[in-house]
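Asker: Given next are the chains, with one letter for each unit.
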Amino acid sequence: MKKTAFYGALTVAGFAASMASAATLDDVKERGTLNCGVTTGLIGFASPDANGVWDGFDVGVCRAVAAAVLGDPNAVEFVPTTGKTRFTALASGEIDMLARNTTWTFSRDVDLKFEFVGINYYDGQGFIAPRDLGVSSAKELDGATVCIQTGTTTELNLADYFRANNISYEPVPIETNAEGQQQYLAGACDVYTTDASGLAATRAAFENPQDHIILPEIISKEPLGPLVRHGDNDWGDVVRWTLNALIAAEELGVTSANIEELAAAPTGNPEVNRLLGTEGELGAMLGLEADWAKNAIAAGGNYGELFEKNIGENTPIGLARGLNAQWTDGGLLYTPPFR
Amino acid sequence: MSDTHSHSVAFVRTETLPQLPPPASEAGVVKWMRENLFSSVPNSILTLVSLYVIYQLVTGAFPWMANGIWNTNSLAECREILDGATGACFSVLTERWNQLLFGFSYPSEFYWRPGLAFLLLFVAAAPVMFFDLPRKLLLFTAVYPFLAYWLVWGGTIYTPLFALLGIVIGYLVYARFVKDSFAMGFFGGVIAAFIAWFIGGYIVGAIAPAEPFLEAVQSRDMGGFMLNMTLGVVCVSLSLPLGIVLALGRQSDMPIIKWICVIFIEFIRGVPLITLLFVANVVLAYFLPPGTTFDLILRVIIMITMFSAAYIAEVIRGGLAALPKGQYEAADSLGLDYAQAMRLIILPQALKISIPGIVNVAVGLFKDTTLVSVISMFDLVGMIRGPILSSTDWNGVYWELFMAASVLFFVVCYGISQYSQWLERRLATDHR
Amino acid sequence: MTSVTDPPQGSFRLSMLINDTRYRSYTFQFIALVLLIGFMAYLGINLVSNLAAQGLNISFGFLGDAAGYDINQTVVEYDSQSSHLRAAVVGIINTLIVAFLACVTATIFGVIAGVLRLSNNWVVRKLMAFYVEIFRNIPVLIWIIIIFSIMTVSMPAPRDFRGEDPSASMLFESFAFTNRGVYSPAPVIDGASGWIVIGVFIASIIGIFAYRRYATKKLYDTGQLLPMLWPSVALFFVPVTLVYFILGRPITLDYPSLQGFNFQGGLHLRGSLIALWFALAIYTGAFIAENVRAGILAISKGQTEAAASLGLRPGRIMNLVILPQALRVIIPPLISQYLNITKNSSLAIAVGYMDVTSTLGGITLNQTGRAIECILLLMLFYLTISLLISAVMNVYNNSVKLRER
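Protein chains in written order, with this note's numbering: chain A, 1 to 339; chain B, 1001 to 1432; chain C, 2001 to 2405.
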């Protein structure tokens, strides 16, 4: 009797607690900071500088969301996660969103119960090899030793690719990107495989980048995007439309340079007006201020600016836009309309 | 008598010879070497082999260290200056020392806070470690945890103050009731402390200033060697009382309590620490009430504390078992009850002989705190493997960094283990 | 009348639950049990509601699914289409391999260092003290990473063996030390006759033990001392060599050779295995050295002197008097060091050695997201191993316990 009451009390307490935490958006607003999961350090995407300030392409997305929700791009608490910890960190509520080049796959979306809110980088898995190895195609890698970073989809793609081409290889699993580099440069593995963007970032850090070639084969589709917990659609919408706002801003020609001017008064373009909150009530529909998108774009610039600043052709990483160009330029970026 | 003799026998020497020094092979350095290094053929071979090993170590390491470069900004510059010569690039240490010691996000203007807490640690630990010091110093030891918490984490001073107050109230209640019954005193004290904390929580929330004297620092901003130290000190001190309780529970003659303790201890001791850290990292969140999250660092502290408590419990059990049975019987014959006997007779002696063992556990645990780097925390090893080695400037500096880490750990662990050996000699009261 | 003289047995008061020693232990146990059950229930309810909130469940069905990843070191047959369960088994075997190798090597290191620390040679003594202190006081994780880095950075890559004037060459044309590990010749057993040779070898080892037993018995019964060393050596070498040549050398060696990107053939000890093995061995060896030293020191000098006064030679004093007593002190901590090695082998994850923590607790966990299930299984595995080793230790302790009267 007594025990039943005890259980009952516990259950009630449990449910009460779960009710309270259902709305991530409210939690973030109340807390005043956004907890954003990033990598433990991948130059160009998310890495802390010597002063511990995080910077990078994924970091830019976090800052945009923080700016949209809280009005302050610096109100972000960056939580470094590994391949192993990222999903639990998100599922347990330790982080509000995960922006850590995470591949959108069926099982992660459906079985692990996460919600990918969009794609911020279209990537694919490739190989890097020393030039003097004399390899020009991944199909020539029969018997090679391949370094892979564990905890990602890379090892599955690799196994599938070599199996499909009926060639053998020796996998060398590595915990961190830095150790992968060490192994590869010392010749402990013949080739190093990871996402093509990661390869470019890795190669950029080499002493003699021109001594290494990235093989032409891209063996997988790796749509990378931010994700949130399943079931909290309001919060999912906030993150999704913040990302879309960044992409739309580039399409519409809204940049961090001209945004103040465009947002000051309604312009001739109604979609720009709706985006920047000078017309319509899009912000209120999301539960945010009217100038949410303006803050998000002002935080680090539009998608194109983020790209150029962190991983574009003028940075050491030197990635071309490729698939990640606007649809109007032959790329895949195509955001739904803001109306 | 004697002089007749001396004069009469021709072949007896009449005057004493001057003393000669012992032969060269039986004196000084040569004798020492003969006895200690070349007493037999195998021994000589061993000596030569050892000398060769030492020679190799020294010639290998010395030029590298002596040529070390301390003032560049990147590995590339370092290599440029060295220009192919052997030499270490210690400038990674001068440039990143703050990250190695404090992690990359602890605010640099507050470095003095953990530094001060570290220095005060010696003052707090001294009366526990050296029995000759005045007992009054223990008062500082009791205050130290709250002070250190305030220094390292910052925030309003009322939080540690009210935590301390809760303990004081609990102790007063305990002291009031313990004469009637230990159980009543103990549970009363615990309950009183909880009530005090509960109320204190509200009061702190109400009176906390917006701008505290020491600015609060998030625990996930802690890193580097400071994180290792924090985890080591916090977990060992928390696990001591827990370990004592577990050890007593395991010795208890109440079967249910005994089995709970046995299962807990054996389970924890049977699995590697890294699986417990995985639990802290990826599983523990599922067992907390929905919506509550605590810091990774707090979860890790919980798991490491459980881990070390199980080991400390076994050490203390050894201490309890080592006490002569007469002590237990003597306590019984004085009419002391269980709590009194334990508190006044058994535990003081058992704990004293367990100290060396506890110190060994503490050293082992301190070394094991490096495992948190595997679960993406940036302790000393995590800092090296993560941010520093992956930065463009320092990609490829392994020796210097790991040597620095080794030196830090060596100094601390060797110091503690020397203390433990000294203590063991002091406690060895039986004359063998 | 009766009510005055009788003890107040009928009148049970509530306060007796806490004040009467007869009932108090029941009260405490009851409270402990209720608290425990309450705590467990609290965790259980949280777990259920958390899983329900996220739409997850607990199921071990994923173990049957195809793992999808490859493992480099496999003793049993495994490819990427094998199940997660099989990947876990491969990992378990790899854990046991490295733990076994490290235990054997650590014992050798430890015994040598422990004995040499008591040597009367000053240089050796100091050198061994240096070894013990250096390795005991620096975390094993740092050692593992350092040794792995040394291997990677300072050993030649396979491509250095190639070309007209290679910068590295194989030792005896049969061993290649590369930064991918060590390649050595592997024995190839040729059909049934090969197994016969192995059978003969095992039989002769059993024979050696049988002979020694017989010799001891003879010594105790009749006082006649049979030669020990030479018959043992003969038994060890002669039969197996004879059979080997009679059957036409059925066991051959497969030499590694550089083909394509890598050395092919032979036995490949991977760098990760060697780093983990060596680091665990040398680290734990330092602890074992201390145990050995303490064990030998624990035997009082009187024992040696008494044995000497009986006229025993130094070798026999060691074998018959000192060692049997010292082992009683050395072996229990030695076994717990073995336990530590097994548990520390889980650090394989730092160098990418595919032990059970890296397969089941690493890649499988990452790919399936089944954190609770994977870690539960992982803990169960280590717990089983630990309990087995503890059981062995208890059996040993009981068998050598001093029979006191």
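No lab work stands behind these hints, which were simulated from the structure alone.
A hint or two may mislead.
[To be verified] List time: in silico SDA-like cross-link candidates among lysine to any residue, alpha-carbon distance up to 25 Å:
(1) 1325(B) - 2257(C)
(2) 1258(B) - 2235(C)
(3) 2126(C) - 1407(B)
(4) 2126(C) - 1057(B)
(5) 1325(B) - 2394(C)
Asker: Has the given pair, residue 1325(B) with residue 2394(C), been kept, meaning a C-alpha gap of at most 25 Å?
Answerer: Status holds; Cα separation ~23 Å.
Asker: Within a Cα-Cα threshold of 25 Å, do residue 1258(B) and residue 2235(C) meet the stated pairing?
Answerer: Since the Cα atoms of residue 1258(B) and residue 2235(C) sit roughly 54 Å apart, the hinted pair is violated (cutoff 25 Å).
Asker: Between the alpha carbons of residue 2126(C) and residue 1057(B), is the straight-line distance 25 Å or under?
Answerer: Given pair residue 2126(C), residue 1057(B) holds - Cα atoms ~14 Å apart, limit 25 Å.
Asker: If you draw a straight line from the CA of residue 1325(B) to the CA of residue 2257(C), is it 25 Å or shorter?
Answerer: violated (68 Å)
Asker: Check the hint pairing residue 2126(C) with residue 1407(B) against an upper bound of 25 Å on the C-alpha distance.
Answerer: Cα-Cα ~19 Å, so holds.
Hints 1 and 2, counting from the list given before, are not met by this structure.
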